Amino acid sequence: MAAGWLSGENLYQAKEPAFSREQKQFLNPKTLYLPDYNETGAPPSKALTADAVLLGRYELYYPRLACESFMRFSLKPGSSEEPETQEIALPRKRHKKRGKRLLTHTEETLEPLRLELEQLIEAARRADIVDETDARPLCDKLQMLYEGAYTVLVCDAVDEQPYVSSNINTLLQHGAEVLGALKMVALARGIDTYFALCYADIDDAETVIPHRMYEIPVRRIYGRYPVRDRVKKALSKYGRGYIIGAQALLHLWRAVSAGREQNTAIVTVAGDCVGNPCNVEVRVGTPAREVLEFCGLIKNPARVVMGGSMRGVSIVDLDLPVLYTTRAVLAFSKPIQNPVLSCILCGRCVESCPRKLAPNYLYKFMQTNNTAALTKLQVEKCIECGVCSYVCPANLELTHAIKKAKHLVRGGVE
Amino acid sequence: MVLQAAKAPNIRYKESVHTLFTDVIIAMVPLLAMAYFYYGPRTVVLALTAAVLCFGLDLLCRRLAHTKIMLNDFSAVITGIAIVMVLPVTVPFYVVVTACSFAMLIAKHPFGGLGANIFNPACAGVAFVTVCWPKAVFGFPKPFDDIPVFFTEGLTLVQSPASVLKVHGEPSGDLLLMLLGNYSGAMGTTAILVIVSCLAFLLFRRTITWHIPVTVLGSAALMALLFPRVQLNIWSGAVFELLAGCLVFGAVFLANDPVTSPSLPAAKLLFGAGIGVLTMLLRHFGGFEEGFVFAVLMMNTLSYALDRLALWARYDLLLDGARLRRIQALPGALSRRASKGRGNSKQLVITVEKTARGKKEKTAAQVRASGPSQGSSAKKEGAEDGR
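Going down the list, the sequences are from chains A and B. Residue 6 is where the first sequence starts when you use the working numbering, and the numbers rise one by one after that. Residue 437 is where the second sequence starts when you use the working numbering, and the numbers rise one by one after that.
Because the hints were derived from the structure by calculation, they are not lab data. Being a predicted model, the structure only gives us computed values, none of them experimental. Built from N, CA and C at the ideal position, the CB exists for glycine as well. Hints may contain errors.
Across the chosen pairs, the derived CB separations fall in these ranges [stated by the list, open to error]:
| no. | chain 1 | residue 1 | chain 2 | residue 2 | range |
| --- | --- | --- | --- | --- | --- |
| 1 | B | Tyr751 | A | Lys81 | 57 to 67 Å |
| 2 | A | Leu32 | B | Val438 | 24 to 34 Å |
| 3 | B | Pro767 | A | Tyr227 | 28 to 38 Å |
| 4 | B | Tyr751 | A | Glu64 | 42 to 52 Å |
| 5 | A | Asp206 | B | Pro466 | 29 to 39 Å |
Sequences and hints are given; from them, build the entire structure.
Okay, structure coming up:
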């Protein structure tokens, strides 16, 4: 039926103006909320709580997070300043008088430190770095890279969801650090082919993404919205690829060069309620309220979304914090309408499903809890990209129903 | 500040069912304008009557069924205008009223209303009045006649090209006039060029897909080429069959009703092909000169079955990656099996199974010993060749 590049949906990316603006830092919030993982045996890491005072425990409901108990901290006075760092001298950009230029087709080569992979793994473990793309500790990922037979190393800056530009912005703003860390890991592992990967179809971009930065190619992935599904296939022509997120590489560089631990995450703050949309580096645990106040609200939001615009969750409590894998905090003024009419079987969801499923029939069988039919229609193949709900003219919650159906098929209670 | 706990995705496509239906109404307006140009104000009065009647009956049925009343749901208006479009302009008002009532009260709402009806309401209404008053439905006035708005008795009615084809005659008239709609026929079905531009508009707006119109027209043309009713040259049969009657109008507006047509692309192809073939069969062997609405109704019964067939083909029959790889690997596997058969490895396995445990180990050891030795001998040969 539909070929891979024909399925999916062309989304208006709406990344401007946050995409082209300089990154800001917001490192001194009043309070921090961190999930209390005591039940599973893993308390919040020391890097996050080293300079904070515990105030108490609160019950907050964070969708898609198993833990409902949060610890509230306040920062010690004077601890929020930037630690004195002795960064390794990086090649300076030439046109310094005109201000920071984003779009240099940079010719300089990076000369990162030659470290063994064991040292990098140790540095990542000490700094408690978590990869923002798949929420796995970077030391585990590097260990896997060490053990596996990989031939390509990729820096992941694919921001395919509308409004989100935190990774590609990090790559453009901190190119030397991110690509330096990429080269460092590649040299340590003995991999010759390494590049950064970004999304090509950013239709409203005012900034042109260069094709080479510091002699390292910046490749593009083309196609309609759920391209993350096809990244592995796209990499297969170069060899067996291994992907590390841009923010994780940035934190790895900081850990190696300055010994800093990861206690920040870079999020895009955008949406039609935000007065000054930009990418902000915030402390992990900063509540959404403070992040939005930092960028300025011009209207009362009707919805606040943590995470991407397609896959993120709408929160009802503004105290919920930014976590390692949060890529965006979005505030919208218009609520989503309820389902307008019943399904009219128009088949748009079938056309645009990237996994060739039939969401309208899955929805129908989910309403009747027909597990046999759901299994037959391969509901397990769904990647929850949200395209079916996006295109549905009747505004049905197809993705949510299919998520529930997956749970039902796996034997869980609804 | 109360925040909405909406489900992902957090942005939505700005079009909805309402815009979908409004697009179809917008596409029908030029056709109505052409009908006004050829036949005068009675066309507009008929269309308004049908639209208002259908909309009112739709609201009434929703009220009776205690479902939510949506004033911006224009699906009933489409049904009303489509019914009028496939009828002649001289059709009495009671025929239109009967068709609209049948469509709403019997074909649509008893099955559950919008989204659940099995039969296309417009086709069902037109089919009912075709069976009841065939003379009123198949008597057409000439274009540019003075047609009064209310009392149309005493007008000279002529035959349409479809009825000429029915008796294996050659329709008179220029091909360009037929494309422009300047011949006697139903109100909205004659201006072929306008209908084709409406099709382009609907395709561009993604209201319909190409599958059903293309397969309806393609299969009908193929049938007409193979079994022509009029044979001036090789193409004439197909051209006249496509231009006469309501085939093109129906392929764009009637067969594409999303509720009653299948939703999977493969099923849509089969659905359209079935409509085309059935229409031609009804034109050849049916009692009336035009059988498109009956063909649509017949294929409507099959639309869910066709969807299930397409799903079966997608998941159980068609070659997903694993099956395709298995089939691609089949020749290699067969040749390997054949080469194994030639050697004595199979026999060796049998002996291993048959012998006692001690001997088994021995034979296994022999196999292990023989394997590397063969390999090493091959290497030696290769090395010698190299020298």
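Hint check:
Separated by about 59 Å at the C-beta atoms, B/Tyr751 and A/Lys81 satisfy the suggested range of 57 to 67 Å. Checking the proposed 24 to 34 Å range against A/Leu32 and B/Val438 shows it holds: the Cβ atoms sit about 31 Å from each other. The hinted window of 28 to 38 Å between B/Pro767 and A/Tyr227 holds, with their beta carbons roughly 35 Å apart. Between B/Tyr751 and A/Glu64 the CB atoms are about 44 Å apart, so this pair conforms to the stated range of 42 to 52 Å.
For the pair A/Asp206 and B/Pro466, the supplied restraint of 29 to 39 Å holds, since their beta-carbon distance comes to about 35 Å.
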